[in-house]
Amino acid sequence: MAVTLTDSILKDLHLRMVRIRRFEETAGKMMESGKIPGALHLYVGEEAVASGVMAHLSNDDQITSTHRGHGHLIAKGGEFSPMMAELFGKATGYCKGKGGSMHISNMKLGMLGANGIVGGGPPIAMGAAFSNKFRKTKNVACCFFGDGASNEGSFHEAANMAGLYKLPVIFVCENNGYGEYTPQRNHQAIVDVADRAAGYGMPGVIVDGMDVVAVFEAAGEAIARARAGEGPTLLECKTYRFYDHVGVRGMGLTYRTDDELEEWKKKDPIDLFEGRLKEQGILSEAEIQAVHAAVAADIEKAIAFAESSPFPDPSAIEQDVYA
Amino acid sequence: MAEAVATKARTLTYVAAINEAVRTVLKEQPNAFAAGEDIGGAGGVYGYFHGLQAEFGADRVYDTPISEKGIIGLGVGAGATGCRPILDLMFMDFMGECMDEIANQLAKMRYMFGGAANLPVTVLTMAGAGASLAAQHSQSLEAWVCHLPGVKICMPCTPYDAKGLIISAARDDNPVFVVLNKMSLAMKGEVPEETYAIPLSKANIVRPGSNYTIVAWGRMVHEAVAAANKLKDLGVDAEVIDPRTLQPFDTATVVQSVKKTHRAMIVHEAVRFGGFGGEIASQIQELAFDYLDAPIGRVGAPFSPVPFSPALEKHYVPNADAIVAGVKAQLGI
Ligand SMILES: Cc1ncc(C[n+]2csc(CCOP(=O)(O)OP(=O)(O)O)c2C)c(N)n1
Ligand SMILES: [Mg+2]
Numbered sequence: 002m003a004v005t006l007t008d009s010i011l012k013d014l015h016l017r018m019v020r021i022r023r024f025e026e027t028a029g030k031m032m033e034s035g036k037i038p039g040a041l042h043l044y045v046g047e048e049a050v051a052s053g054v055m056a057h058l059s060n061d062d063q064i065t066s067t068h069r070g071h072g073h074l075i076a077k078g079g080e081f082s083p084m085m086a087e088l089f090g091k092a093t094g095y096c097k098g099k100g101g102s103m104h105i106s107n108m109k110l111g112m113l114g115a116n117g118i119v120g121g122g123p124p125i126a127m128g129a130a131f132s133n134k135f136r137k138t139k140n141v142a143c144c145f146f147g148d149g150a151s152n153e154g155s156f157h158e159a160a161n162m163a164g165l166y167k168l169p170v171i172f173v174c175e176n177n178g179y180g181e182y183t184p185q186r187n188h189q190a191i192v193d194v195a196d197r198a199a200g201y202g203m204p205g206v207i208v209d210g211m212d213v214v215a216v217f218e219a220a221g222e223a224i225a226r227a228r229a230g231e232g233p234t235l236l237e238c239k240t241y242r243f244y245d246h247v248g249v250r251g252m253g254l255t256y257r258t259d260d261e262l263e264e265w266k267k268k269d270p271i272d273l274f275e276g277r278l279k280e281q282g283i284l285s286e287a288e289i290q291a292v293h294a295a296v297a298a299d300i301e302k303a304i305a306f307a308e309s310s311p312f313p314d315p316s317a318i319e320q321d322v323y324a
Numbered sequence: 200m201a202e203a204v205a206t207k208a209r210t211l212t213y214v215a216a217i218n219e220a221v222r223t224v225l226k227e228q229p230n231a232f233a234a235g236e237d238i239g240g241a242g243g244v245y246g247y248f249h250g251l252q253a254e255f256g257a258d259r260v261y262d263t264p265i266s267e268k269g270i271i272g273l274g275v276g277a278g279a280t281g282c283r284p285i286l287d288l289m290f291m292d293f294m295g296e297c298m299d300e301i302a303n304q305l306a307k308m309r310y311m312f313g314g315a316a317n318l319p320v321t322v323l324t325m326a327g328a329g330a331s332l333a334a335q336h337s338q339s340l341e342a343w344v345c346h347l348p349g350v351k352i353c354m355p356c357t358p359y360d361a362k363g364l365i366i367s368a369a370r371d372d373n374p375v376f377v378v379l380n381k382m383s384l385a386m387k388g389e390v391p392e393e394t395y396a397i398p399l400s401k402a403n404i405v406r407p408g409s410n411y412t413i414v415a416w417g418r419m420v421h422e423a424v425a426a427a428n429k430l431k432d433l434g435v436d437a438e439v440i441d442p443r444t445l446q447p448f449d450t451a452t453v454v455q456s457v458k459k460t461h462r463a464m465i466v467h468e469a470v471r472f473g474g475f476g477g478e479i480a481s482q483i484q485e486l487a488f489d490y491l492d493a494p495i496g497r498v499g500a501p502f503s504p505v506p507f508s509p510a511l512e513k514h515y516v517p518n519a520d521a522i523v524a525g526v527k528a529q530l531g532i
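Residue numbers (the numbering used here), protein chains in the order written: chain A, 2 to 324; chain B, 200 to 532.
Honestly, the hints are just simulated from the structure, not real lab data. If you're wondering where the values come from, they're calculated on a predicted model, not measured in any experiment. Glycine is no exception: its CB is placed at the ideal position from the N, C-alpha and C atoms. A couple of the hints might just be wrong.
[Stated by the list, open to error] Going by beta-carbon spacing under 8 Å, a handful of chain A positions derived as facing chain B: (1) L16; (2) G90; (3) I118; (4) G154; (5) V249; (6) R250; (7) G253; (8) L254; (9) E319.
[Stated by the list, open to error] Derived DSS-like pairs: lysine-lysine, alpha-carbon spacing no greater than 27 Å straight-line: (10) K268/A - K279/A; (11) K36/A - K381/B; (12) K267/A - K30/A; (13) K12/A - K267/A; (14) K30/A - K513/B; (15) K429/B - K387/B; (16) K513/B - K36/A; (17) K12/A - K302/A; (18) K226/B - K387/B; (19) K30/A - K381/B; (20) K527/B - K429/B; (21) K401/B - K381/B.
Next up, chain B with everything else stripped away, as it sits in the complex (with noise of 0.2 Å):
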C-alpha cells in the first residue's frame, strides 16, 4: 500500500503516534495481541501502550513476566499458529536476554520450514543513547539484526514514519524490528489522521542536495540534517538519506543520489567499526566506485560501551558537528 496522503494531519509526538499505529493495527487486525513487560497497567515505560490494555482487554494487551526469552518465544509460537503477535522489547539491549529466540528461531523458522511457516511477528523496542543510562540502556544495535536473514527492521526517526512504517510492520508476514529511539519520544511532528503504511522498502529523501550525499538513520536523520544546514556555508549542498528500512536496504535510491553527488557519508548512532555503516559503505563502492571523488565517510560512536558520565556521553553520540567535522575532514576543507 503506498503511503497516504495526509489529508487530515494533526500535530502528535513520536510517542502518540506509536500508539496510535498500534491501536489501529489491534482495531485492523483480530488475531493481532500485543505483549510485554508492563504495557498492560502501566502502559509501558515509555508510555507508548497507555490506554490499549483499558481500550482491548487484557486479553488483547498482556503485561509480562520480566521474561525477554519468552516473550519472543511467545511471539514465534504464537506467529507460527495463526496469531500476529506484536512484542515489546523494553530496550534493544535486553536483546541479549533472548537472543536465540530471535536469531536461530525468529529468523530461521521458515526457511528451515522450507517456507512452510510464516512468522508475521512485530518487535518494537528502543534504542539510543544520550539520556545518562550507561552502557545496557544505550546501545545501538540493529547491526545485530541486519546481520539476520529472514528479519527485517526499520528505524522510524519522526512522528510520521513511526505510524507508518509499525502499521507496516504489522502487516507484513515476516518478522519486523521496529527500532524506536528514546530521544526522539516528545518530538512532535505532523500526523494523518487516517491509516497509512510505509513501504519497507524504500528510502527517505528527507534533504535534496547536489553534490554531497550522506546516508543516516534513526535520530542521527535530524543531525545529519543539521549538518547538511551548516555545511551550506561551505559550498556543500548535502542530500540526506534515511533509508528508514535498514532490512531490506534501498540501495538504489542510494546508489542514485552518490551518482549525482559523487561524494558520500554513512551516520549512525551505533559503534562505528562493524557497523551496518560498513556495509553500506562496501554497496556505494561495489556500485558506484566510477562516480566517487572522495574516500566514503562514516561517523559512528567510539568503540567501546556507552558511557554514563554525561561528560564523556556528550562526546561520546555522533551529532551534527561531528558530522561537518567528518565531511571537512573528507574533503580538506
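Chain A extracted, bound-state conformation (with noise of 0.2 Å):
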C-alpha cells in the first residue's frame, strides 16, 4: 500500500529528524557539562529510523524503546521541556526524575518506556499488540531494538508469539552494526537480522535506515498490513550511530575505525534528505535554517524549563511504588 509523499509529509519527516539531533547533541553538551548525571546513550545518526517509522503512528499507536531511546520518545511527539527536566532528574520530568534517561516515557503518547534492559522492549510490544487486538482496536506497536538485543532470548519468545497469534507488532531493528563495543560479525553469525523473520513466520524487509524516505515508506507497508490483521513483520534498518556507546566521546576504545565512521557521515539522513528537499523544491537553503533555529529556540526554552524546575522531594522515594 504506497502512501503518497507530500510536500507536508516531507517536511514533517524532516522536523521530526532535526529535532531527534539538536536534541540530541545538547544532550551531550549537558552530560559533559555535568548537568545530566548517569548513561547518556545518543541517536545522532539514526535518526531517520524513528522518524521514518513514527510517521504512520498516533498516540494510541505504543512504542517500546531502548537505552538508546530520546530518539523514539521525540519522534511519537515528546516535548523538550520534560524530556530534558527528565534528564536533568527534576520533578518536572516525564517521569519525576524517578527514571532518567534509560527510562523516558510518556503512557499519554503511548511511548511504553526507553528500558535499561537489552531485549526488555519485545515482549513488552508484542503484549501491547495483544492488548490492541485483545480490545478490536486497529492500533499498533511498533518495537525498537538493537542488532545487539536480537541476541537475547526475550526478542525470539515475542517474535515466535507475535507470529503465533498474528499480532499487529512491527520488530523495527536498528542494526547499527555494533552491540556496544563489539562488532556484528562479533556477536552474530549472521549478517542480516531480517534472517530471523523466517523462524517466526513473518516477512523480514531490509531497509537503507539513513534514508527517511525509505524507511517511511517500508515501514508504512508494515504497518498497514499489522492494522489490516495481517500479523507482524521484522523490518530491519541499516544505520549507525555517530557517537560512541555511551556518551559522545565515550570510553575512547578503537573498536571502530575513523574512516568507518567518515564514510557512514557521508551518509548522515539529515544532510541526505535536506539536499534532497532542496533539489525537489520542497524547502529553500533558508526555510531549512529555520526550521534548525526554531529547533534550537524550543530547546534553549527547554534547558530554561529544566534549570529553573525544582528537584523532587525525598518524600517522592516511595511514592509511585504501588498504585
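Using the supplied hints, reconstruct the complex from the two chains, each of which is provided in its own coordinate frame.
Pasting the structure below:
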C-alpha cells in the first residue's frame, strides 16, 4: 500500500529528524558539562529510523524503546521541556525524575519506555499488540531494538508469539553494526537480522536506515499489514551511530575506525534528506535554516525549564511503587 | 589455603586487583576461560578484563553476544564437563535475564544428580547504587543468591579482598558469585603481588570495638567504619564486621562479637525489607538472645526501586549518617 509522499509529509519527516538531532547534541553537551547525571546513549546518526516509522503512528499506537530512547520519544511527539527536565533528574520531568534517560517514557503518547534492559522491549511490545487485538482496536505496536538485542532470548520468544497470534506488531531492528563495543560479526553469525523473521512466520524486510523516505515507505507497508490483521513484520534498518555507545566520546576505545565513521557520516540522514528537499524545491536553504533555528530556540526554552525546575522531594522516594 | 602475609604489597585500585585475580586464575588453571559481554576487545565496560584477551588469546577470553541466559548456560554445561568458567554478568540487575540458569540449573545440578557433578563456575557481577544509573543498573540483589542452596556468594569491599576472594572463588568446586561494587572501582589499597586466597567462610573484623557490633558488607563496610568513628564521641565503641562471604556465612564470628558487645546493627545497601540482614538478625537472636541489651537494628534501602534523580538517590542509599542515626535511635541517645 503506497502512501503518496506529499510535501507536508516530507517536511514533517525533516522536522522530526532535526528535533532529534538538535536535542541529542544538546543533551550530549549537558552531560559533558555535568548537568545530566548517569548514562546517556545518544541517537545521533539514526534519526531516520525513528522518524520514518513514527510518522505513521498516532498516540494510540504504542512503541517500546531501548537504552537509546530519546529519539523514539521525540519522534513520537515528546516535548523537549519535560524530557530535558527528566534527564536533569527534576520533579517536572516526564517520570518525575525517577526514570532518567534510560527509562524515559510517556504513556499518553503511547511510549512504553526506554529500557535499561537490552531486549526488554520486544515482549512488552508483543503484549501491547496483543492488547490492541484483544480490545479490537486498529492500533499497532512498534518495537525498536538493536542488532545486539536480537541475541536476547526475549526477542525470540516475543517474535514467536507475535507470529503465532498474528499480532499487530512491527519489530524495528536498528542495526548499527555494534552492540556496545562488539561488532556484529563478533556477536552473531548472520549479516541480516531480518533473516530471523523466517523462523517466526513473518516477513523480514531490509531497508536503508539512513534514508528516511525508504524507512517511511517500508514502515508504512508493515504497519498497514499489521492494521489489516495480517500479523507482524521484522523491519531491519541498516544504520550507524555517530557518537560513542555511551556519551559523546565514550571510553575512547578503538573498536571502530575513524574511516568507517567518516564513511557513514557521508550518509548523514539529515544532510542527505535536506539535499533532496532542496533539489525538489520543497524547502529552500533559508527555510531549512529556519527549521533548525526554531528547534534550537525550543531547546533553549527546555534547558531553561529544566534548570529552573525543582528537584523531587525525598518524600517522593517511596511514592509510585504501588497503585 | 590461608591468607598470605603481604610481603610484596603495592597499591592497586579495585579494578586492577580484580584484573590481577583473573589473570592469576587464567595462569594457574589451564581449563579456566573467561566469557562475557564486551570483556575481550573492550576489556569490559568497567575495564577489569583489560588486556586479558591480548595476553591469553581469544580462546581463553571470549566476547559473548548479549545473551545472559546463554552465558550462564555456557558456564553450567562447560563447568559440569571439565572446564572452570569465569563468567561476567555486566550488571547484577541482569540476573533477571538468566535466573533460571542460575537458580534451577547452576545451583541445583549437583544436588539433583546425587553429587555426581561439580560446577566450578565463578560469576563476576557488578552491584550498587550511587551513579545515577536508575532502577535497572543499581540494585544489590545478593539476597536472591543467598536464598539458593548450592551457590556461594561473596562481596569484596577492598582491592585486597577482591583479589583474594576471586582467587578462592575460582579454586572452589562450587558455583560462586563475586559481587563487585561500581562505586569502589577507583578505590586504592594494598595488594600483595603474590597469589593468595581469602577463605570463603571467614568474616573480617575490620574495626575492633567493645560495646557495639555493626555487621556490614559490600561498600557499606566503609560507611560502617565511618559511622563507628563518628559514634566514638557518643561513647559507642563499635566493632565493624565484614562477613566478606554471605553464603557460607560466618555466624560464629558475629555471634561471638555480639556476646561481647550486647548490641548489634546489620547494614546493607540492598532494600531493607526482606533483605539478607533479616536472616543475620534472626541468627543472632537465636544464638545470643540472652546476651542482647537492645533489639537488633537494621539499616538498608527504602522499599522502592532505585530512583534516578541524584536528589532522591542520595537519600536512598544508606550511608554513615544513616547508620549513626539508626544506632542513636536504637540506643535512645
Ligand atoms: C540485559 C542486558 N544486557 C546487557 C546490557 C548492557 N548493554 C547496554 S546497551 C548494550 C548494547 C546493545 O546493543 P544493541 O542492541 O545493538 O543497541 P545499540 O546500543 O547498538 O543501539 C549492552 C550490552 C543491558 N543493558 N541489558
Ligand atoms: Mg547495535
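Problem set entry | Enumerated hints in conflict with the structure, sorted upward | Those not satisfied are hints 1, 5, 6 and 7.
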